[in-house]
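Visitor: Make a model of the complete structure from these sequences and hints.
Protein sequences, first through last, are from chains U and X. Under this note's numbering, the first residue of the first sequence carries the number 1, and numbering increases by one thereafter. Under this note's numbering, the first residue of the second sequence carries the number 1, and numbering increases by one thereafter.
Don't read these hints as lab results, they were simulated from the structure. Note that CB positions come from ideal geometry on N, CA and C, so glycine has one too. Do not take every clue at face value.
Unchecked claim - Capping the alpha-carbon separation at 25 Å, the derived lysine-lysine pairs in DSS-like fashion look like this:
no.	chain 1	residue 1	chain 2	residue 2
1	X	Lys25	U	Lys81
2	U	Lys147	X	Lys25
3	U	Lys147	U	Lys218
4	X	Lys7	X	Lys83
5	U	Lys224	X	Lys7
6	U	Lys218	X	Lys25
7	U	Lys108	X	Lys10
To be verified - Negatives, chain U to chain X, calculated, CB over 10 Å:
no.	residue
8	Tyr89
9	Lys103
10	Leu126
11	Gly150
12	Met173
13	Leu199
14	Lys226
15	Thr248
16	Asp349
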Amino acid sequence: MAGSNKISSTPPRWLLAELTYACPLQCPYCSNPVDYAKYQSELSTEDWKRVLTQARKMGAVQLGFSGGEPLTRRDLTELVKHARDLGYYSNLITSGYGLTEEKIIQLKEAGLDHIQVSIQASTQELNDHIAGTASFVRKKEVARLVKKHGYPMVLCVVIHRENIHQMAQILAMAEELGADYLELANTQYYGWAHANRDLLLPTKEQFEQAEQLAQAFKETVAGKMKIYYVVPDFYEERPKACMNGWGTTFLTIAPDGVALPCHSARELPGLDCPNVKDYSIEEIWNESKAFNFFRGLEWMKEPCRSCDEKEKDFGGCRCQAYLLTGDMYNADPVCSKSPDHAVIQQAIDSAAKYALPVDEKPLIFRNSKNSRLFS
Amino acid sequence: MSINPDKPIKFSPLHRLQWEEAQQKDVILYPEGMVELNQSSAEILKLCDGTRNLAQIVSDLELKFATSGLINDITAFLEVALKNGWIQQD
Ligand code: SF4
Ligand code: SF4
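Guide: Structural data, given as structure tokens:
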């Protein structure tokens with residue numbers, strides 16, 4: 001590929017296959033791009049099979065079928081089967097909406113390894129409000145069916161201001177449903193969550209309380225349930241080591257075939273992310289401009305460049321640096337060494353203001369109508 | 001939790017043990033994770049197929065590698081494996 005500079009790299013290990021942007025739910029924290037409605041085309045079955053084959057050959061082994069809602073793809077079972085034949089360990093990341101027992105059995109036979117069901121809250125009223133769709137009863141039923149058919153059951157709850165007060169009940173619900181894994185994902189503010197941040201970002205006190213509950217629970221269920229706690233990085237002093245380093249481990253393929261070093265990278269300007277219809281996964285991973293863009297540490301500006309922690313966090317998240325400082329080369333402003341660190345406090349203050357009922361503004365639900373407004 | 005020496009040991013149905021060509025290693029796969037195994041750990045786990053108890057696993061491996069005195073190392077590893085949920089006993 002023209003204009004590329006090749007930096008030595010490790011092969012991909014995790015492949016996220018975003019099969020579609022179609023989804024019957026409308027979560028206001030969805031990580032899909034806010035302007036997803038403009039990406040209408042979807043890869044064909046043959047394209048996906050080729051992508052899976054090529055990435056597997058390079059060494060990818062963990063595979064997530066995601067979206068949108070991957071169940072809306074009619075060829076899902078066929079792709080799952082192909083993945084199994086190749087030796088992937090595959091995961092269906094689903095809202096559970098529209099997942100029947102028959103389909104659960106069919107996917108198991110095709111070789112699916114686990115199913116991650118998301119639930120929005122511990123009560124029907126709040127779940128259905130956040131999802132924008134009546135789905136609570138079905139989701140709980142799906143969680144039970146997933147277990148019944150011998151899959152490891154992974155329950156995922158995205159945490160934000162609207163449901164953080166339910167932490168104790170969410171934990172009890174996970175236990176009652178017999179989750180083998182519980183992912184408590186504090187909202188990361190990209191995509192729709194960025195647009196809704198004033199309404200989703202909890203206060204520090206709320207975070208601390210919720211985290212305490214989660215940590216205590218972790219000990220009581222040790223050996224039975226594994227908890228993955230995704231930290232709310234707005235209240236940290238150091239950024240996360242985003243994607244384990246750019247272009248080192250993770251590969252995301254968007255519904256239209258665009259290959260991304262992380263699922264939010266579409267928001268970054270000038271990356272020219274390549275499409276799997278034009279290049280092989282090997283060319284994309286090793287040679288494309290996008291995957292080499294932030295590989296290594298050479299691209300860094302100060303304070304990262306001369307920081308003795310740069311090998312630990314790689315300067316944090318590029319998308320967060322871009323969204324919050326306007327320059328994707330900057331240190332992630334979550335870092336207390338960043339000259340832009342004050343924007344984090346401003347975001348927290350702004351969210352606190354909107355937590356007061358007088359200033360209440362409506363959530364922007366993730367749907368095609370709203371998405372077209374962002375396009 | 002510790003290993004019951006009388007009961008057979010089986011690999012957990014919620015995990016997968018497989019050879020990874022790209023890494024030239026056996027690995028354990030599970031939701032959101034992967035553990036790379038060294039050769040001896042992999043050899044032990046491959047014998048956890050629900051037909052052997054601890055003593056049988058030890059004697060099979062001692063035979064295979066023409067050695068003796070493996071019991072402590074194997075027991076210690078299996079305790080870790082049990083704690084991590086990689087193996088089970090009914
Ligand atoms: S976060 Fe919600 S709206 Fe977005 S894809 Fe998942 S279920 Fe659909
Ligand atoms: S200055 Fe940059 S490299 Fe250093 S800790 Fe902060 S984000 Fe990480």
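Visitor: Against this structure, judge whether each hint is valid.
Guide: Verification of the supplied hints:
{"no.": "1", "hint": "Lys25/X - Lys81/U", "verdict": "24 Å, holds"}
{"no.": "2", "hint": "Lys147/U - Lys25/X", "verdict": "30 Å, violated"}
{"no.": "3", "hint": "Lys147/U - Lys218/U", "verdict": "20 Å, holds"}
{"no.": "4", "hint": "Lys7/X - Lys83/X", "verdict": "16 Å, holds"}
{"no.": "5", "hint": "Lys224/U - Lys7/X", "verdict": "21 Å, holds"}
{"no.": "6", "hint": "Lys218/U - Lys25/X", "verdict": "31 Å, violated"}
{"no.": "7", "hint": "Lys108/U - Lys10/X", "verdict": "21 Å, holds"}
{"no.": "8", "hint": "Tyr89", "verdict": "4 Å, violated"}
{"no.": "9", "hint": "Lys103", "verdict": "19 Å, holds"}
{"no.": "10", "hint": "Leu126", "verdict": "26 Å, holds"}
{"no.": "11", "hint": "Gly150", "verdict": "7 Å, violated"}
{"no.": "12", "hint": "Met173", "verdict": "18 Å, holds"}
{"no.": "13", "hint": "Leu199", "verdict": "28 Å, holds"}
{"no.": "14", "hint": "Lys226", "verdict": "8 Å, violated"}
{"no.": "15", "hint": "Thr248", "verdict": "15 Å, holds"}
{"no.": "16", "hint": "Asp349", "verdict": "34 Å, holds"}
Hints 2, 6, 8, 11 and 14 from the earlier list are contradicted by this structure; the remaining hints agree with it.
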